[in-house]
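Asker: So the chains spell out like this:
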Amino acid sequence: MSGLVATLCLCSAIITAEPYSHVITSVQQNIAREELEIKSSDVSPDSPTPWKIRKQTLHGGKQEGVDLVTIDNGAISIVVIPTRGMGIWQVRHSDIRLGWESPVKEIVHPQFVNLATRGGLGWLEGFGEFMCRCGLESNGHPGQDVIVDNTGAKSTVDLTLHGKQANLPAQEVKVVVEKAAPYRIRLIGQIAERMMHGPKFDLRTEISTTPGSTSFRVTDVITNASVNPAEFELLYHCNYGAPLLEEGSEFIAPVKKVFPLNARAAEGDIKKFGKFAGPTPGYAEQVYCCELFGDNEGKTTAALVNAKKDRAASIRYSVKELPHLTLWKNTAAADDGYVTGIEPGTNYPYNRKLERAAGRVPKIPGHGEYQVTVDFDLHIGPEAVTNLIGGISKIQGNQKTDFIAEPQTPVVK
Amino acid sequence: MSGLVATLCLCSAIITAEPYSHVITSVQQNIAREELEIKSSDVSPDSPTPWKIRKQTLHGGKQEGVDLVTIDNGAISIVVIPTRGMGIWQVRHSDIRLGWESPVKEIVHPQFVNLATRGGLGWLEGFGEFMCRCGLESNGHPGQDVIVDNTGAKSTVDLTLHGKQANLPAQEVKVVVEKAAPYRIRLIGQIAERMMHGPKFDLRTEISTTPGSTSFRVTDVITNASVNPAEFELLYHCNYGAPLLEEGSEFIAPVKKVFPLNARAAEGDIKKFGKFAGPTPGYAEQVYCCELFGDNEGKTTAALVNAKKDRAASIRYSVKELPHLTLWKNTAAADDGYVTGIEPGTNYPYNRKLERAAGRVPKIPGHGEYQVTVDFDLHIGPEAVTNLIGGISKIQGNQKTDFIAEPQTPVVK
Amino acid sequence: MSGLVATLCLCSAIITAEPYSHVITSVQQNIAREELEIKSSDVSPDSPTPWKIRKQTLHGGKQEGVDLVTIDNGAISIVVIPTRGMGIWQVRHSDIRLGWESPVKEIVHPQFVNLATRGGLGWLEGFGEFMCRCGLESNGHPGQDVIVDNTGAKSTVDLTLHGKQANLPAQEVKVVVEKAAPYRIRLIGQIAERMMHGPKFDLRTEISTTPGSTSFRVTDVITNASVNPAEFELLYHCNYGAPLLEEGSEFIAPVKKVFPLNARAAEGDIKKFGKFAGPTPGYAEQVYCCELFGDNEGKTTAALVNAKKDRAASIRYSVKELPHLTLWKNTAAADDGYVTGIEPGTNYPYNRKLERAAGRVPKIPGHGEYQVTVDFDLHIGPEAVTNLIGGISKIQGNQKTDFIAEPQTPVVK
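Chains as they are written, first to last, in the numbering used here: chain A, 1 to 413; chain B, 1 to 413; chain C, 1 to 413.
These are computed hints drawn from the structure, not numbers from a lab. Among these hints, one or two may not hold up.
[Claimed, not checked] Computed footprint of chain B on chain A; a stretch qualifies when at least three of its residues, placed anywhere within it, have a C-beta under 8 Å from a C-beta of chain B:
hint, stretch
1, 267-281
2, 300-306
[What the hints assert, rightly or not] Okay, the calculated beta carbon distance ranges per label pair:
hint, chain 1, residue 1, chain 2, residue 2, range
3, C, Ala180, A, Lys275, 33 to 39 Å
4, B, Lys308, A, Asp375, 45 to 51 Å
5, B, Glu34, A, Glu37, 45 to 51 Å
6, A, Pro48, C, His367, 45 to 51 Å
7, C, Pro50, B, Ala181, 52 to 58 Å
8, C, Asn262, A, Asn228, 34 to 40 Å
Ideal Cβ placement from N, Cα and C applies to all residues, glycine included.
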């Protein structure tokens with residue numbers, strides 16, 4: 001037995017080897033670093049692929065004071081914005097970029113965003129990320145909803161587009177790196193969306209990747225710090241532009257059901273909702289509401305594939321965690337934002353009052369939590385893309401897609 | 001006569017000895033200090049009790065850029081937030097803390113507060129202070145009121161909860177310390193709540209204490225910089241949490257009249273409005289409107305006393321300056337904000353339109369001023385608490401309390 | 001021919017001599033300088049008049065983080081605020097100041113301005129400039145208007161007073177100085193007023209002057225970065241206070257037509273609309289809408305002349321670029337803002353919905369631009385003022401002024 005015990009101890013020692021940890025921002029410790037660089041040569045010299053992490057502070061104009069963390073894992077570089085809700089500005093590979101050319105060129109500090117402006121569309125003053133979270137108290141279209149106010153009375157309030165989360169700064173940010181294979185690199189951030197007599201949500205997000213990989217994972221845990229249950233809405237607004245998006249690009253996913261969000265989206269053939277046009281001046285957005293099939297474990301994959309089918313980007317997640325997916329087609333002129341959003345969420349982007357009526361506004365119990373994992377990947381070369389599409393087909397199997405041509409706008413009774 | 005003159009001169013020389021003065025923030029001189037420490041050994045070495053003052057700048061998350069000044073007088077430490085209207089975050093004594101555990105954990109910079117959000121309740125996104133001022137243009141519940149706009153026309157506007165004052169940064173902050181007994185320490189701040197075609201208020205606040213004392217004084221002077229008279233509302237939101245607040249704690253004051261703010265507060269026996277419950281999940285706030293008796297000079301004392309009656313905190317002020325007191329009972333679960341507010345003010349927290357109808361919105365004449373002094377104290381041990389209660393009883397004397405069971409909601413005619 | 005060619009080459013060499021250039025702020029290069037001083041002795045030592053440029057960062061209160069650039073050309077100093085839309089705080093000459101005493105004493109950072117407050121009058125919380133731009137999406141009175149939202153649907157929104165431009169920070173700021181006579185000094189700034197699914201305007205402004213001159217020029221180019229045409233409104237809010245403004249001061253311009261904005265402005269004799277009173281407690285603003293005559297090239301001049309007619313300030317611009325001029329008379333008490341605004345613009349300050357109905361909301365074509373040049377000058381001494389008035393009279397010639405006594409409020413059909 002002693003030999004076995006010794007072996008186990010050895011394993012344990014390896015497994016629990018203290019990972020490297022470095023605090024970038026901390027409200028608790030009153031830390032905010034202007035610049036920082038962390039290199040594999042200092043942290044995990046045995047990593048076969050060198051990597052580095054750089055923390056910058058942006059200056060000038062609306063970028064003044066914005067924190068940026070770039071994780072370069074040797075294959076892709078992931079640019080994260082702690083100041084904007086730990087959103088991801090872009091992901092660069094030598095060959096593909098996840099991201100788009102927003103008309104908003106600056107990485108805008110929340111101090112310059114007024115969410116209420118232009119009828120609750122102020123969120124669009126800062127919108128330029130590859131991926132940002134919409135929520136947590138609410139997301140979707142602006143408009144009125146009823147809340148319970150501090151006095152316990154019902155009060156009509158104006159919700160703003162996509163909520164506050166993408167414009168909240170992280171109060172704790174740190175880098176954690178495993179010192180043993182696979183040398184996983186983690187950027188961990190915490191964001192409070194809290195107020196007295198209102199939502200008390202904490203988001204803990206971990207963006208992680210391994211050196212040399214073209215994939216990365218976002219793992220989010222939302223905690224309801226209140227003793228009372230709390231409604232929430234969470235949507236991952238993942239935005240792809242040229243060159244991956246182009247005339248002939250296609251959204252491919254194991255679709256169970258799809259319907260147009262509104263009359264504009266109902267124009268054209270619903271069966272072709274996944275096909276993209278090139279940049280089209282004057283194009284007004286078309287939005288589609290989808291349910292996806294999952295595999296035995298509930299996992300699904302959605303992808304954007306280019307016209308030649310030799311480049312693709314995918315997201316993989318559980319339909320149990322994110323049961324609804326919104327496809328936002330905005331193939332406008334390049335200067336007006338040529339982009340598509342693949343947006344898995346707990347809900348569709350109708351105003352929360354409508355979503356509640358449709359039964360799509362979940363609650364987190366008092367002191368409860370909600371966990372979501374989303375895997376992002378790049379697929380380069382015809383074979384990789386063929387494999388990706390094959391995997392999606394396998395989830396679909398011989399299950400039919402229910403194409404609904406008319407909007408299914410929820411009705412508040 | 002010459003001997004007398006000489007003596008007087010000597011006194012005068014002592015009395016007018018130039019106090020120590022140090023500027024922390026100054027818009028006029030373009031000064032903003034990142035860190036600073038001032039010690040008794042350097043300033044008033046003869047002080048029998050050593051003291052120190054520390055100025056910090058907070059970093060990270062929503063605290064980025066917040067100035068904090070901590071006055072440690074040797075017995076209590078008073079944490080003041082120049083960036084948030086010279087509010088007081090907390091006061092610590094070895095034995096008691098004035099303050100509470102807000103669900104808002106960060107000391108939030110005003111750049112991250114949108115007062116208009118959630119139907120005008122955005123103030124609650126930054127609310128965590130022991131003491132903050134509500135006002136000055138208005139305080140109380142959000143809702144519509146009518147103002148005179150720049151064109152001289154009447155215009156309907158949305159007031160936001162508790163006004164702007166608690167989210168305005170001080171433009172001039174300095175420390176002034178007497179070099180002779182009692183070595184009084186003063187933190188002086190100035191805040192402008194001004195706009196063209198609108199209110200033109202300047203608040204000059206002085207937070208002062210003497211080394212070794214458990215008490216401190218807030219002296220505020222509000223000046224109306226306009227030639228025209230201006231309405232104002234001022235309320236001191238003083239908030240106490242555990243452990244001073246606990247099941248069996250009691251609000252004790254010489255109450256002349258009390259009525260519930262609304263139907264919720266009318267639940268239960270109005271005669272027991274001053275008794276507190278322990279943390280109660282799902283508890284909705286109950287608010288009571290009080291008039292207090294004053295002594296011959298108009299001075300009154302209100303206190304929060306713990307269950308065992310061996311710990312208490314008091315505020316003492318003039319009912320001529322602050323004729324109305326609001327008791328905010330919010331004995332919710334700890335994580336949702338277990339707290340009571342003892343809030344002397346010029347008015348109750350009904351929306352200003354209602355308060356005006358009730359005759360409780362005073363005006364400051366053009367170029368006039370309004371002065372308020374509030375003394376805060378701690379009472380430790382059964383004897384000290386007995387003395388405190390005895391003093392309050394003496395103000396009450398044999399005067400009866402008018403307990404009104406129904407809300408007296410003002411009516412706009 | 002070779003001699004001629006050589007001469008031309010020489011000229012060309014002189015003309016294209018690389019001017020001095022220094023970046024102050026750059027989002028693209030991630031530059032933000034805290035302090036900076038540029039002197040003629042280092043840059044253009046041959047300039048007969050020494051000049052200097054100073055860049056400061058302001059600290060404390062609502063000024064925290066505000067950038068200020070002062071151009072001292074040896075005769076006048078021009079204080080520009082890159083952080084507030086490249087507005088001009090004041091212009092000082094030994095003898096006159098362009099500017100006024102706003103009740104807002106601080107140069108307020110946009111982070112402390114909520115444009116929506118007080119019924120959309122929040123712009124007045126930061127208003128203290130000699131000159132600021134109102135626009136670009138809209139300017140004028142707050143109130144509702146209809147826009148096309150992200151979904152392509154019509155949506156009613158609340159416009160705020162005078163739009164966003166004056167509270168937007170410049171993202172690129174640089175100084176450019178000619179090394180040869182006339183040694184022109186240019187401060188160039190770029191500001192983005194952009195959002196997804198909304199306006200996509202870029203303003204490039206150049207504020208320039210020559211050493212020793214009492215005049216300066218503002219040249220603005222607004223570019224519509226969208227492929228779609230976009231409505232815009234632009235007004236130059238130029239504000240003059242004491243001592244140039246005084247009892248007996250006069251607004252002098254070649255007026256083609258003038259009418260009062262509203263009933264308040266219709267009080268009194270419309271023919272005397274250009275005469276000013278001294279500080280008058282309780283005075284409510286009076287606003288007049290003017291069309292000016294231009295000369296053969298469309299150039300016009302408007303001036304404020306003091307009572308003794310020995311001091312004046314003028315603005316000169318093209319009525320083709322800025323066809324409407326608003327005269328804002330606000331001769332209130334000094335502490336409430338004793339000021340007049342001479343405001344050439346594309347429109348009058350009625351709410352945009354009304355201005356559109358009146359045909360005064362122009363559009364910039366997709367990828368088009370709109371250029372405006374405004375020349376500011378000081379006139380010192382009776383002769384200079386007489387010359388100024390003579391020049392204005394010459395533009396007027398024998399053309400009559402149409403004095404309209406009643407407001408011409410636009411009507412939305």
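Asker: Give me the numbers of the hints this structure contradicts, sorted from smallest to largest.
Answerer: 1, 2, 3, 4, 5 and 8
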